[in-house]
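> Chains V and Y, in that order, give the protein sequences. For the record, in the first sequence the residue sitting at position 95 is 95 according to the numbering used here, with numbers rising by one throughout. For the record, in the second sequence the residue sitting at position 21 is 21 according to the numbering used here, with numbers rising by one throughout.
I should point out that these hints are in silico values taken from the structure, not numbers from a laboratory. We put the beta carbon where it would ideally sit given N, CA and C, even for glycine. One or more of the hints may lead you astray.
When the alpha-carbon atoms are kept at most 30 angstroms apart in a straight line, the in silico DSSO-like pairs for lysine-lysine are as follows [to be verified]:
hint, chain 1, residue 1, chain 2, residue 2
1, Y, Lys140, V, Lys69
2, V, Lys18, Y, Lys61
3, V, Lys87, Y, Lys140
4, Y, Lys18, Y, Lys140
5, Y, Lys18, Y, Lys134
6, V, Lys69, Y, Lys134
7, V, Lys100, V, Lys69
8, Y, Lys93, Y, Lys18
9, V, Lys52, V, Lys69
10, Y, Lys144, Y, Lys18
11, V, Lys69, Y, Lys144
12, V, Lys82, V, Lys52
13, V, Lys69, V, Lys82
14, V, Lys87, V, Lys52
15, Y, Lys11, Y, Lys22
Covered stretches of chain Y, going by a simulated chain V footprint (3 or more residues, C-beta under 8 angstroms) [stated by the list, open to error]:
hint, stretch
16, 12-19
17, 28-37
18, 65-76
19, 137-148
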Amino acid sequence: MSDTREVTDLTWEADVVKSDLPVLVDFWAPWCGPCRMVAPIVEELGQEYAGKVNFFKMNTDENPQVPGKFGIRSIPSLLIFKGGELKGTIVGFRPKSDLKKRLDEALLA
Amino acid sequence: MEQPNQQSIDKMWNYAAKFAEKSGTHLHPDRFITEGVVLGLASNIDKFGRPLCPCNFYPSKDENGNWPEGLYLPREEEVKRRDWICACDEMQKFKYCHCLLFVTEEGLPITEHLPEDHEGREIYGLVTDPTPDKGRALAKALEKQQSAE
């Protein structure tokens, strides 16, 4: 079962802002090439960090409000939140080791 | 997710193959990646009349016709200019395709011509252009114009 769930403009507050755990959100779109490369890596990380970090993905074609609020331009963009606050932004495709390093750094911030 | 019409899909496959050849690049070797981008471009032709890059977030207009500042334009406005119409300005100037449609044979985007502080350099490092004599039509036109002045 996937540990990465969908978040929407409507569920953002409950799922991300009020989350007890840190959160990583993958902003993606269905027909974006690098999004297709990042998605399986995010899925894997979701399993590895289960119980420590909540993983979500947001379809930017269907949810215009939150991406606009966070100044998203290129996708994929991965945003990391702790206590509802933005702690890290990763733009574009990255290998898993790089994503993991950046996630760990953001969790310590 | 609505499938684009076949005519638009065929048009974009044809365009992508021709542009790759013309610019000295390759379509991404992973068909799943390439197909996604081609379908996205075709979908934007169907909905907005132009092959707008599907690897960006374009905000929506609010009820008053406004949109947030500091972002790209809404799709219906963005198609009126050429910045993100495939092949986009970044491709025409720097031979860099952040959507990974036009890449090296190994599937990496060319970053050699990018400004050093561009995110593409940070993500992929220095990826040299294997065919510097091809592509970058816009950059070459600007260079020619500047040298004539």
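> For every hint, state whether the structure bears it out.
Tested hints:
Between the alpha carbons of Lys140 of chain Y and Lys69 of chain V the distance comes to roughly 37 angstroms, so the proposed pair goes past 30 angstroms and is violated. Our distance criterion of 30 angstroms between C-alpha atoms is met by Lys18 of chain V and Lys61 of chain Y, whose separation comes to about 28 angstroms. At roughly 41 angstroms between alpha-carbon atoms, Lys87 of chain V and Lys140 of chain Y are farther apart than 30 angstroms, so this suggested pair is violated. With a CA separation close to 19 angstroms, the supplied pair Lys18 of chain Y and Lys140 of chain Y stays within the 30 angstroms bound.
Only pairs whose Cα atoms come within 30 angstroms are accepted, and Lys18 of chain Y paired with Lys134 of chain Y is accepted, the gap being roughly 13 angstroms. With a C-alpha separation of about 39 angstroms, the suggested pairing of Lys69 of chain V with Lys134 of chain Y is violated against the 30 angstroms cut-off. Proposed proximity of Lys100 of chain V and Lys69 of chain V is supported: the alpha carbons are some 25 angstroms apart, at most 30 angstroms. With a C-alpha separation of about 18 angstroms, the suggested pairing of Lys93 of chain Y with Lys18 of chain Y holds against the 30 angstroms cut-off.
Distance restraint check for Lys52 of chain V and Lys69 of chain V: the Cα-Cα separation of roughly 26 angstroms lies within the 30 angstroms cut-off, and the hinted pair is therefore satisfied. Annotation: proposed proximity of Lys144 of chain Y to Lys18 of chain Y holds, straight-line Cα distance about 25 angstroms (limit 30 angstroms). Note on Lys69 of chain V and Lys144 of chain Y: the hinted pairing is violated, with a Cα-Cα distance of about 41 angstroms set against a maximum of 30 angstroms. Using a Cα cut-off of 30 angstroms, the hinted pair Lys82 of chain V and Lys52 of chain V holds, with the two alpha carbons roughly 11 angstroms apart.
Between Lys69 of chain V and Lys82 of chain V the CA atoms are separated by roughly 17 angstroms; this keeps the pair inside 30 angstroms, and the hint holds. For the hint pairing Lys87 of chain V with Lys52 of chain V, the CA-to-CA distance comes to about 15 angstroms; that is within 30 angstroms, so the pair holds. A C-alpha spacing of about 16 angstroms is found between Lys11 of chain Y and Lys22 of chain Y, which places the hinted pair at or below 30 angstroms, so the restraint holds. With 0 residues carrying a beta carbon less than 8 angstroms from a beta carbon of chain V, the stretch 12-19 of chain Y misses the three-residue requirement, and the given coverage is violated.
Chain V is given as covering the stretch 28-37 of chain Y, and this holds because 7 residues of the stretch bring a CB closer than 8 angstroms to a CB of that chain, at least three being needed. Look at the stretch 65-76 of chain Y against chain V: 5 of its residues bring a Cβ nearer than 8 angstroms to a Cβ of that chain, three or more, so the hint holds. Counting residues of the stretch 137-148 of chain Y whose beta carbon lies closer than 8 angstroms to any beta carbon of chain V gives 0, which falls below the threshold of three, so the coverage claim is violated.
The structure shown violates the earlier hints numbered 1, 3, 6, 11, 16, 19.
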